[in-house]
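S.K.: Residue numbers in the sequence shown follow my numbering, run continuously in steps of one, and reach 606 at the last position.
I should point out that these hints are in silico values taken from the structure, not numbers from a laboratory. All of these numbers come straight from a predicted model, not from anything done at the bench. Quick reminder that beta carbons are idealized off the backbone N, C-alpha and C, glycines included. Check the hints yourself; a few may be wrong.
In silico SDA-like pairs for lysine to any residue, Cα to Cα no more than 25 Å straight-line [unchecked claim]:
| id | residue 1 | residue 2 |
| --- | --- | --- |
| 1 | K142 | A176 |
| 2 | K299 | Q239 |
| 3 | K267 | P286 |
| 4 | K546 | R522 |
| 5 | K465 | Y344 |
Distance windows between CB atoms, simulated [stated by the list, open to error]:
| id | residue 1 | residue 2 | range |
| --- | --- | --- | --- |
| 6 | L228 | H108 | 23 to 31 Å |
| 7 | R107 | T38 | 33 to 41 Å |
| 8 | K364 | V408 | 56 to 64 Å |
| 9 | E179 | Q313 | 54 to 62 Å |
| 10 | R413 | K271 | 41 to 49 Å |
| 11 | K271 | E485 | 19 to 27 Å |
| 12 | W537 | M559 | 16 to 24 Å |
| 13 | V408 | W537 | 33 to 41 Å |
| 14 | L481 | R398 | 16 to 24 Å |
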Amino acid sequence: MGSRIPQISRNKSTSHNLVPAIPTCTNNCSFFCILSETVPSLRKSKIAQYFRQMPRREHQEHILVLSALWKIAMTKPNDPEFPSLGIFTCMAKLIGKGVSDRAWLLRHQNLYIPYYAAHIIGSYTMNKVKFAKKAVKSLVVKPLVELLQGKISWVEQRVALRALGHLASHEAIFEAVKEHESEIIEAAMSIASTCLNKVYDNFVGLKESQRLEYHRNLLTRGFGGLELENRKAEEWGSQLQCWSLYLLHCFACREIEISLRLICNKKQFLKELCGMWGGASNPSSPAGIGLLKTLCHTKMGRESIANLQQVIQSLCNVSRSSDERQHMAIESLLQLLRDPVTRYKVIDKAVPALADLVELRDIKGKREVGKAIIIVLLQDYNKIKIFKLGLNNERTRRTLEEIRDLKVERVKREKLMSEEELRERKALSCVLKQEGNKRFLYGEIEKAVMKYSEALDLCPLKLRKQRVVLHSNRAQCHLLLRDAEGAISDTTRALCLSGVARPHGKSLWRRSQAYDMKGLARESLMDCLTFISTRFWSSRRRKGFKIPCYAARIVNKHMNSTWLFASAKSKRCSKQEKMEEFEMDQSRIDLMNLRKKTRGKNKNKK
1 MGSRIPQISR
11 NKSTSHNLVP
21 AIPTCTNNCS
31 FFCILSETVP
41 SLRKSKIAQY
51 FRQMPRREHQ
61 EHILVLSALW
71 KIAMTKPNDP
81 EFPSLGIFTC
91 MAKLIGKGVS
101 DRAWLLRHQN
111 LYIPYYAAHI
121 IGSYTMNKVK
131 FAKKAVKSLV
141 VKPLVELLQG
151 KISWVEQRVA
161 LRALGHLASH
171 EAIFEAVKEH
181 ESEIIEAAMS
191 IASTCLNKVY
201 DNFVGLKESQ
211 RLEYHRNLLT
221 RGFGGLELEN
231 RKAEEWGSQL
241 QCWSLYLLHC
251 FACREIEISL
261 RLICNKKQFL
271 KELCGMWGGA
281 SNPSSPAGIG
291 LLKTLCHTKM
301 GRESIANLQQ
311 VIQSLCNVSR
321 SSDERQHMAI
331 ESLLQLLRDP
341 VTRYKVIDKA
351 VPALADLVEL
361 RDIKGKREVG
371 KAIIIVLLQD
381 YNKIKIFKLG
391 LNNERTRRTL
401 EEIRDLKVER
411 VKREKLMSEE
421 ELRERKALSC
431 VLKQEGNKRF
441 LYGEIEKAVM
451 KYSEALDLCP
461 LKLRKQRVVL
471 HSNRAQCHLL
481 LRDAEGAISD
491 TTRALCLSGV
501 ARPHGKSLWR
511 RSQAYDMKGL
521 ARESLMDCLT
531 FISTRFWSSR
541 RRKGFKIPCY
551 AARIVNKHMN
561 STWLFASAKS
571 KRCSKQEKME
581 EFEMDQSRID
591 LMNLRKKTRG
601 KNKNKK
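Start from the sequences and build out the full structure, keeping to the hints where you can.
M.R.: If you want it as structure tokens, here you go:
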């Protein structure tokens, strides 16, 4: 689905005004003169006639009209005037003409027309169901699907995704979109998987002189330089991925069997979903985790995902991170554990991660998340204890017993204790903590871990601040012992106790280090950025605030590796290296052949 327009000159400049002011003119047939008509009935009839004739006419004015209509549709998407006068039929025909008639597309500035036409459809169908119904009756779906399949370029795919996403979101007209179900799903999955490579290879990775001029104009609206182009290309690449995933979500959430089968049969696509996060600049997007959550609400989706251990591990990583989509990962894991068919396929991976979240209170407006986790983890605890049901992993069984003891048995015991007993336990816990600190200073790290563990066993559950410090201190010991998983576990528990509103800064930094140790760049970066944010807001002198040098190093290290086009760039570099190696090998072969020929000639002369 690459760009199919190699004939377009890359260097030819275009004086294209993308957001024109409405000009004054003396031609009564001009669209801008029609807009200045003061008689309402005459204005309507002239606009309707213009929309009917526009696809049949060849006129330089078309691109100016479309860019003006685009501006109106963006600023007034709920205005019924143009939708009621045939704008959708006009736009559908223009897109169809651009897709089918390549000679027409390459004349004048017609190359811009399909982009603007699809954008106008998307803007008007964004909010109003009645506009979406008109659009469907005007047969806009098929030409949009053709753009989606890459009949022109990735720029047109973006606006086609936007328009189809708006149409698919309306329940009343979803059936019209569903008629192209397999084409849309296949194209959306392909775009989600390949769009970043495509945008990099066809735009970002090219020199300024090699970029298509009309792409540059559309990205920057005719203004701006290389920096703005790159920034906008990154934003559009992110939107391509996010909007394609949203379109897939519109099919998956309706639990249509064919749609689910098309998505779930692509195992490689499911494996890639956790990495589709839309970039750090787009935290509001549900991204790949959002689609996984939707699939986990369906039987077919759960069965497919449960068999992919790589996906389960990725969900576990996100569930214990500062990612905006943390709650989606937790919900996905809980759905898999509630299902008796998939529970014991994922329990060994999911339990260690969810066990660290049992004291999590509120997240993204959802209350008592920790209680929900406990209920799911311990739902068949008695059966597991008696029959060792489905558990081959001793660590998983031991973790479930620890959760039971922490959140059930220990709560009961402490309720029966007197205030004096609780004070004694608190005092003894403080003594053990001080001993742990001494061991740590003397370099006896393993003994320090033991002392902090003993202190945690004695510290009353209601003393959340003291337990935060103990978990965080023990995490620091795990870091020094190069036990990244132990550090992640303890820091996550500390952060759950401290709460999402005021996370414990040291625990964030230590978890960032632990994720860095494991090579999980995105999780490490998100924790580090959250750590910097908490330092900033807690600083009394915010004007003079400086990012700590150790945090800046982590940010600099991971910003490049988590850049939206990092993978695409590395793939392109590796291809270039292979090509250079091939050319060197070929030159060596040619040189050897040349030497053999010269030797043969010399022998013949002798």
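S.K.: Determine for every hint whether it applies to the structure shown.
M.R.: Tested hints:
1. K142 to A176: holds, 10 Å
2. K299 to Q239: violated, 29 Å
3. K267 to P286: holds, 20 Å
4. K546 to R522: holds, 23 Å
5. K465 to Y344: violated, 35 Å
6. L228 to H108: 23 to 31 Å: Distance hint for L228, H108 holds at roughly 26 Å.
7. R107 to T38: 33 to 41 Å: holds, 35 Å
8. K364 to V408: 56 to 64 Å: violated, 27 Å
9. E179 to Q313: 54 to 62 Å: At roughly 38 Å between Cβ atoms, Q313 and E179 fall outside 54 to 62 Å, so the hint is violated.
10. R413 to K271: 41 to 49 Å: Hint holds: Cβ distance 45 Å, inside 41 to 49 Å.
11. K271 to E485: 19 to 27 Å: holds, 22 Å
12. W537 to M559: 16 to 24 Å: holds, 22 Å
13. V408 to W537: 33 to 41 Å: At roughly 36 Å between Cβ atoms, W537 and V408 fall inside 33 to 41 Å, so the hint holds.
14. L481 to R398: 16 to 24 Å: holds, 20 Å
In summary, the structure is inconsistent with hints 2, 5, 8, 9 from the numbered list given earlier, while agreeing with the others.
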